[in-house]
Structures are given as structure tokens and as C-alpha cells.
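Enquirer: Sequence:
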Amino acid sequence: MEALREPLPATLRITGYKSHAKEILHCLKSKYFKELEDLEVDGQKVEVPQPLSWYPEELAWHTNLSRKILRKSPQLEKFHQFLVSETESGNISRQEAVSMIPPLLLNAHPHHKILDMCAAPGSKTTQLIEMLHADMNVPFPEGFVIANDVDNKRCYLLVHQAKRLSSPCIMVVNHDASCIPRLMIDVNGRKEVLFYDRILCDVPCSGDGTMRKNIDVWKKWTTLNSLQLHGLQLRIATRGAEQLVEGGRMVYSTCSLNPIEDEAVIASLLEKSEGALELADVSSELPGLKWMPGLTQWKVMTKDGQWFAEWDEVPHSRHTQIRPTMFPPKDSEKLQAMHLERCLRILPHHQNTGGFFVAVLVKKSSMPWNKRPPKLQGESAKPRDSVQSNPAGPMVEKAEGPAELERKLVTGIGDAEIIERTEDLENNGNKKDGVCGPPPSKKMKLFGFKEDPFVFIPEDDPLFPPIQKFYALDPSFPRMNLLTRTTEGKKRQLYMVSKELRNVLLNNSERMKVINTGIKVWCRNNSGEEFDCAFRLAQEGIYTLYPFINSRIITVSLEDVKILLTQENPFLRKLSSETYSQAKDLAKGSVVLKYEPDPTKPDTLQCPIVLCGWRGKASIRTFVPKNERLHYLRMMGLEVLAEKRKEGTAMTDESAASSGPPEDEVGTDQSAEQAASPDAASMGSDSAGAALPR
1 MEALREPLPA TLRITGYKSH AKEILHCLKS KYFKELEDLE VDGQKVEVPQ PLSWYPEELA
61 WHTNLSRKIL RKSPQLEKFH QFLVSETESG NISRQEAVSM IPPLLLNAHP HHKILDMCAA
121 PGSKTTQLIE MLHADMNVPF PEGFVIANDV DNKRCYLLVH QAKRLSSPCI MVVNHDASCI
181 PRLMIDVNGR KEVLFYDRIL CDVPCSGDGT MRKNIDVWKK WTTLNSLQLH GLQLRIATRG
241 AEQLVEGGRM VYSTCSLNPI EDEAVIASLL EKSEGALELA DVSSELPGLK WMPGLTQWKV
301 MTKDGQWFAE WDEVPHSRHT QIRPTMFPPK DSEKLQAMHL ERCLRILPHH QNTGGFFVAV
361 LVKKSSMPWN KRPPKLQGES AKPRDSVQSN PAGPMVEKAE GPAELERKLV TGIGDAEIIE
421 RTEDLENNGN KKDGVCGPPP SKKMKLFGFK EDPFVFIPED DPLFPPIQKF YALDPSFPRM
481 NLLTRTTEGK KRQLYMVSKE LRNVLLNNSE RMKVINTGIK VWCRNNSGEE FDCAFRLAQE
541 GIYTLYPFIN SRIITVSLED VKILLTQENP FLRKLSSETY SQAKDLAKGS VVLKYEPDPT
601 KPDTLQCPIV LCGWRGKASI RTFVPKNERL HYLRMMGLEV LAEKRKEGTA MTDESAASSG
661 PPEDEVGTDQ SAEQAASPDA ASMGSDSAGA ALPR
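Residue numbers (UniProt numbering): 1 to 694.
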């Protein structure tokens with residue numbers, strides 16, 4: 001309790017997959033942390049930030065500075081600006097230390113299909129995306145992350161977080177996690193149910209572990225919160241377990257220390273799974289992390305302080321509020337076999353963090369209620385497909401006793417869902433090819449902002465050959481994965497998804513409400529018709545696209561990069577002679593500017609940089625969002641103190657490709673792209689995107 005009364009130290013995490021991670025770490029250690037030495041703020045000595053001992057490769061750090069001091073203190077302004085700017089360009093994330101644990105324990109690899117069930121605001125999602133891109137040289141990893149949240153507005157927060165990482169392998173969807181639809185994918189021409197290799201189940205909770213940063217919890221907390229949330233938490237965890245592949249791993253976590261939300265949910269899930277799930281022993285996976293083992297005994301308390309040790313003691317009048325699943329299993333053998341001590345409880349005073357609970361589950365076999373023998377679909381590879389293809393409907397199932405009904409209510413597999421799935425399969429044949437539109441309203445109420453459809457560009461679209469020719473795209477370029485967000489009129493933006501997400505999109509348009517997916521790779525120039533190609537490259541997608549581009553690449557020196565990023569529209573003559581000779585014969589239009597580090601000069605910037613540029617009549621300019629521009633300059637040792645942002649501005653142009661809430665609610669700071677070339681104003685017109693509705 002004493003630790004909970006102290007403010008939470010600020011922590012930050014360096015984005016692990018960008019090749020710039022080492023450079024940022026170097027920059028932090030050699031410059032910003034040095035400047036914090038011997039500083040005193042409000043009479044308190046500032047301790048130099050320390051790496052979190054249990055986080056791999058020194059990529060996470062904590063300071064004794066509270067978030068408030070960081071914001072208010074003039075001596076720390078430079079450091080604070082660095083944090084804000086680098087956060088916006090996706091190079092660091094400001095994330096509470098304990099919340100970094102679940103993705104690490106998920107142990108995700110680039111080929112894994114991952115579901116993040118309750119993903120907003122998205123700091124754990126970004127960690128998962130980083131794991132997919134462990135190898136920066138692979139633009140399209142085989143795996144993907146589907147990030148879900150029940151709250152439509154919070155989904156846009158998720159989009160904004162994910163956009164910072166520019167990955168073609170993330171999709172944001174909007175569903176109630178406790179009944180998130182089962183998705184289908186096409187496997188060699190046959191439809192199969194999509195099972196995930198990894199599922200993160202970070203459920204809504206009473207938040208009593210967050211008291212150090214959410215002061216409100218002190219006033220609002222009661223034991224009733226847990227009693228009300230327990231059922232939902234169990235339904236979400238059960239739904240996750242159903243969608244996990246055999247051999248897959250699911251992490252269940254809460255920022256609460258209340259056993260009703262923690263061990264009770266796990267024990268109930270294990271009991272229900274009848275051996276299909278078991279708790280993994282992860283004690284050796286994060287060396288350096290301090291934690292307490294999970295509880296095996298607890299009591300349940302009502303709002304007015306009454307304690308119950310077991311279900312039999314609960315009076316009838318309380319049966320709606322207190323459920324049997326909230327108590328520890330009575331049977332001691334059963335309890336021992338569950339190994340609840342394998343859960344991790346992280347207490348605030350152990351390493352100066354928030355409070356947190358994590359359990360890692362491994363799936364050994366199908367959940368018992370999914371083991372029905374296949375009906376009508378004899379050749380199906382997975383017997384679970386039978387749920388999909390049973391036109392006789394729910395009447396075929398065996399008669400249900402009260403216990404069966406209770407189990408049904410909890411598992412979230414209900415009759416209506418089976419019927420709806422069967423309908424979905426029948427209706428799937430009559431939709432337009434290559435279009436994944438919003439689901440029809442009779443299936444799902446559409447709350448919040450109505451999304452545009454996702455339309456894949458057809459094979460024979462005349463739009464593509466000029467682009468292919470202009471940039472000399474490699475024959476291996478996966479053009480099938482290009483999509484736009486409009487069915488009629490001119491296509492203004494082209495986005496790119498991985499082929500696995502394309503498969504998911506095309507086979508589930510009826511079932512799934514997609515908020516956003518894909519990264520922007522090309523934008524139309526308004527006066528583009530006069531150039532050889534109507535589309536210019538977008539910085540957001542350049543690292544994905546670059547490996548396929550074979551022309552219009554200009555190799556630049558470090559000095560050139562400085563000029564290009566600090567001057568608005570430098571004349572070609574200002575650049576080095578090598579750069580000038582490459583650029584002088586290029587036709588007007590979009591170009592790629594590439595800096596390759598020189599390993600023989602270890603003091604210079606040691607990570608490659610790829611920038612989008614524009615070759616004008618006699619000059620070259622870059623199209624790089626402001627924060628990214630500041631980031632590159634910082635990495636080269638140039639500190640540009642940003643002017644304070646005006647109130648009411650949102651994000652720089654390139655950072656927002658999503659079609660977000662209505663335009664008038666979103667500020668449009670287009671500083672990245674608004675300046676010099678005659679068509680700059682029209683080029684910057686795609687800005688009002690994934691910012692939050694105010």
C-alpha cells in the first residue's frame with residue numbers, strides 16, 4: 001500500500017524491430033541521459049534512467065521522474081520533447097513497465113497468427129507488431145495481428161498507435177471480445193476456420209493495480225467491481241481458448257490483484273476445459289522479473305464487507321451477484337493439478353511498478369464442447385468445422401440440463417451464432433469479387449463511424465501498369481495485395497496488406513467489422529497526369545515498398561540527408577556531386593532517397609535511411625512527416641527544438657491514412673507536406689485520418 005501511494009515512475013520502451021533501435025539507444029545513453037546527470041528538479045535529485053533488468057536487449061528504461069514532473073519542468077523540456085516527438089514517429093513507446101510483460105510471455109514469432117482480444121489503447125499491440133517484424137529485411141512476414149476492441153472510438157486510438165509502426169500485417173476490428181466471430185480462411189481452395197497461434201487476452205478489469213497513475217481508482221474502487229466483471233472476463237477468456245490452435249499459447253492478464261478477476265477466472269476456465277488447457281510454467285522466461293506465485297485459496301467479499309469462503313454459504317438472494325465460478329475448486333486434487341501457483345502476481349513494491357496479474361495457458365486439445373463429430377462434412381480436416389456446416393441447426397444437439405445451460409451461457413457459443421454462421425456460409429457466394437465491405441446492418445449494428453469498404457485492385461486494372469513501369473517494380477511485387485478504400489470515383493490512395501490478411505479480408509466481409517488495415521504506399525498527385533506516373537510514393541509505406549523498387553532511387557550522403565531534411569526545397573546544385581549526377585537526368589516525379597551507412601566510419605549514423613522525395617524542375621524535396629524528420633536529424637546529432645504545437649492540431653499528414661471520424665472533428669496539421677511544390681496543397685489533402693474524435 002505504501003508503494004501504491006507513490007507516483008508511478010515514467011517508463012519508455014524502444015521500438016525493437018526498427019533498425020534504428022540501436023541508434024536511438026546510443027543517442028539516449030550518450031546524450032539525453034548524460035544531460036540528466038546532476039540535475040535537481042523541485043529539490044529532488046534526478047536519477048539517471050536505468051534499463052529494466054528483465055526486458056531483453058536494454059530496450060526498456062525507467063526513471064524516477066513522474067510523468068507530471070516531466071511535463072512541467074523547464075530543465076527537462078528538451079528530454080520531454082524528445083520523448084513526445086519520438087513517440088509520435090513510432091520509435092519509442094511510453095508504456096507502463098508491467099504492461100510490457102504479456103507480449104513477452106506470448107513468445108510470438110514472425111509466422112504466428114495473433115489475436116489481441118481487448119487491444120485498445122494499443123501499447124501491447126505495438127509490441128506484438130514488432131515481434132512480427134523481427135527481421136527487418138522481410139517486408140511481409142507470414143504472421144499477422146488482428147487487434148480487436150469493443151469500443152468504436154478506442155479503435156481509432158488503436159489505429160493511430162499501429163500506424164506509427166507502418167506494418168502491412170495489422171488489422172483493427174470492432175467486436176465484443178466475448179463473442180468475437182470465428183473467421184474463415186481459404187486453404188488451397190477450401191474454406192477452413194482460422195485458429196490463432198497466439199492470443200493476448202488482456203481483459204477489462206477493476207484496475208486496482210493502476211492506482212499509482214489513475215488516481216480515480218482510490219475514490220471509485222469497491223469489491224463490487226470485480227463481482228460484476230468476473231463473468232465477462234471468463235466469457236472473453238473462454239472465447240479466446242476456443243479460437244486458439246492446438247499447441248498455441250494464450251496469455252490472460254489484468255491490472256488487478258483481486259483473485260476474483262485473476263485466479264478464479266483461470267481456475268474456472270481450466271475446470272471447464274477438462275484438460276484441454278493447462279497453465280505453462282514460465283518462471284524462467286523473464287530472468288530478473290520479481291513476482292509472487294498465484295493464490296490457491298481466497299474468499300469472496302460483497303460490497304458491504306461480508307465474506308464467503310464457499311458457494312454453499314452464499315444466500316439465495318445473492319446468487320445473481322456471486323457465482324460458483326468465483327470460488328476456488330473444492331476438490332484438493334483437482335486444485336493441485338491446476339498448478340495455479342504458475343500464475344504470476346506482480347506487486348508494486350517489488351520493482352517499483354503497478355500491480356499486475358499474468359497467466360500463460362497452453363492448449364493441448366479441442367475444448368470439450370467443440371469435439372462434436374463432424375456432420376455432413378466428412379472430409380473436413382478439423383472436426384470443429386462441423387459447427388459451421390450444420391444446416392439442421394441447433395436442434396441436433398443433445399438435450400441440455402441446467403449445468404449444460406450454465407456452461408453454454410459462459411462459453412459464448414450459442415444457437416443463434418451457429419445459425420448465423422450457417423447463413424454466412426450460404427450468403428458468401430453472392431458478393432462482388434475482391435470487395436470487403438462493411439457488414440450488412442441486419443447482421444450487426446454498426447455503432448460509431450461507418451467505415452469505407454476495402455477494395456482490392458483487380459488484376460487488369462489500367463491503373464497499375466504505369467506505376468509498375470515508372471518505378472520498375474520487381475516481378476515478385478505482390479500486386480494482388482494492393483487495395484483502395486473506394487468503390488467508385490478516382491482512387492486517391494493505394495494501400496498494401498500482406499497476402500495472409502488479404503485472405504482474411506476476402507473471406508469474412510459478412511462477419512467482421514474492420515476499422516482499418518493496410519499501410520499507405522502510393523497517393524495520387526492532383527496534377528499527376530502531366531508526369532509519367534499519377535501516383536507518388538508515401539513515406540508511411542516506403543520501407544515495405546522499397547525492396548521491390550528498381551528505378552528512381554538516388555543514393556545520398558549523410559550531408560545530403562541533412563540538407564534535404566532542414567531545407568524546404570534545396571536546389572540540386574546544393575547536393576553532393578554524386579547525388580547531382582544521379583538526379584539530373586531523372587524525369588520529374590517521385591523518387592526514393594537512400595542513405596547507406598559506412599561501416600568503416602563507426603562514428604557516423606549506422607542505420608540505413610529511406611526517404612520519399614520529389615524531383616522538381618531544378619530542386620529536390622522530401623515528403624517526410626515532421627516528427628520523422630526530427631528523428632533522423634536527432635540521430636545525426638542535430639537537435640531541432642520544435643516550436644510548441646498549436647492547440648487543436650492533430651498529426652502530420654503522412655501519419656494518418658485511416659478513414660477516421662468525420663473530417664471537421666480532426667485538426668489538420670499538414671506541416672510535413674504543405675510547403676513548396678505547386679501541387680503540395682493537393683498532395684497534403686489526405687491528412688484527416690486516424691486522429692481521435694474530440
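The hints are simulated quantities; they were obtained by calculation from the structure and are not laboratory data. Nothing here was measured: the structure is a model prediction, and the numbers come from that model. For each residue, glycine too, the CB sits at the ideal point set by N, CA and C. Hints may contain errors.
Straight-line alpha carbon distances no greater than 30 Å define the calculated DSSO-like cross-link-like pairs of lysine-lysine that follow [unchecked claim]:
#	residue 1	residue 2
1	K617	K153
2	K153	K213
3	K601	K34
4	K272	K72
5	K191	K219
6	K153	K272
7	K601	K617
8	K29	K68
9	K45	K31
10	K588	K491
11	K31	K562
12	K272	K213
13	K220	K191
14	K290	K45
15	K371	K334
16	K588	K574
Simulated DEER-style distance windows between Cβ atoms [unchecked claim]:
#	residue 1	residue 2	range
17	S332	Q228	43 to 51 Å
18	I553	K78	46 to 54 Å
19	I553	K490	24 to 32 Å
20	E568	G247	31 to 39 Å
21	K22	T320	53 to 61 Å
22	D532	G288	54 to 62 Å
23	K574	P608	18 to 26 Å
24	K617	P74	23 to 31 Å
25	N107	Q75	22 to 30 Å
Enquirer: If a hint holds in the structure, say so; if it doesn't, say that too.
Expert: Hint check results:
1. Our distance criterion of 30 Å between C-alpha atoms is broken by K617 and K153, whose separation comes to about 44 Å.
2. Straight-line distance between C-alpha atoms of K153 and K213 comes to about 22 Å, which keeps the hinted pair within the 30 Å bound.
3. Of the supplied pair hints, the one linking K601 and K34 holds, its CA atoms being roughly 23 Å apart against a limit of 30 Å.
4. For the given pair, K272 sits about 51 Å from K72 by alpha-carbon distance, which is inconsistent with the 30 Å threshold.
5. With a C-alpha separation of about 51 Å, the suggested pairing of K191 with K219 is violated against the 30 Å cut-off.
6. A hinted pair counts as satisfied when its Cα atoms are at most 30 Å apart, and K153 with K272 does not qualify at roughly 34 Å.
7. Between K601 and K617 the CA atoms are separated by roughly 34 Å; this puts the pair beyond 30 Å, and the hint is violated.
8. This hinted pair checks out: K29 and K68 have alpha carbons roughly 22 Å apart, not beyond 30 Å.
9. For a cut-off of 30 Å, the pair hint linking K45 to K31 stands: about 18 Å separates their Cα positions.
10. Taking the CA atoms of K588 and K491, the gap is near 22 Å; set against the 30 Å cutoff, the hint holds.
11. Straight-line distance between C-alpha atoms of K31 and K562 comes to about 19 Å, which keeps the hinted pair within the 30 Å bound.
12. As the CA atoms of K272 and K213 are separated by approximately 36 Å, the hinted pair breaks the 30 Å bound.
13. Annotation: proposed proximity of K220 to K191 is violated, straight-line Cα distance about 48 Å (limit 30 Å).
14. Taken as a hint, the K290 and K45 pair is honoured in the structure, with Cα atoms around 26 Å apart against an allowance of 30 Å.
15. At most 30 Å may separate the alpha-carbon atoms for a hinted pair to count; K371 and K334 meet this at roughly 22 Å.
16. Our distance criterion of 30 Å between C-alpha atoms is met by K588 and K574, whose separation comes to about 18 Å.
17. For S332 and Q228, the Cβ-Cβ distance of about 30 Å falls outside the hinted range of 43 to 51 Å, so the restraint is violated.
18. A beta carbon spacing of about 35 Å between I553 and K78 contradicts the range 46 to 54 Å that was offered as a hint.
19. The hinted window of 24 to 32 Å between I553 and K490 holds, with their beta carbons roughly 28 Å apart.
20. As the Cβ distance of E568 to G247 is approximately 55 Å, the hint placing it in 31 to 39 Å is violated.
21. Between K22 and T320 the CB atoms are about 56 Å apart, so this pair conforms to the stated range of 53 to 61 Å.
22. Separation of D532 from G288 is about 56 Å and conforms to the stated range, judged on CB atoms against 54 to 62 Å.
23. A hinted range of 18 to 26 Å for the beta carbons of K574 and P608 is consistent with their spacing of about 23 Å.
24. Between K617 and P74 the Cβ separation comes to about 45 Å, which falls outside the hinted range of 23 to 31 Å.
25. Between N107 and Q75 the C-beta distance comes to about 41 Å, which lies outside the given range of 22 to 30 Å.
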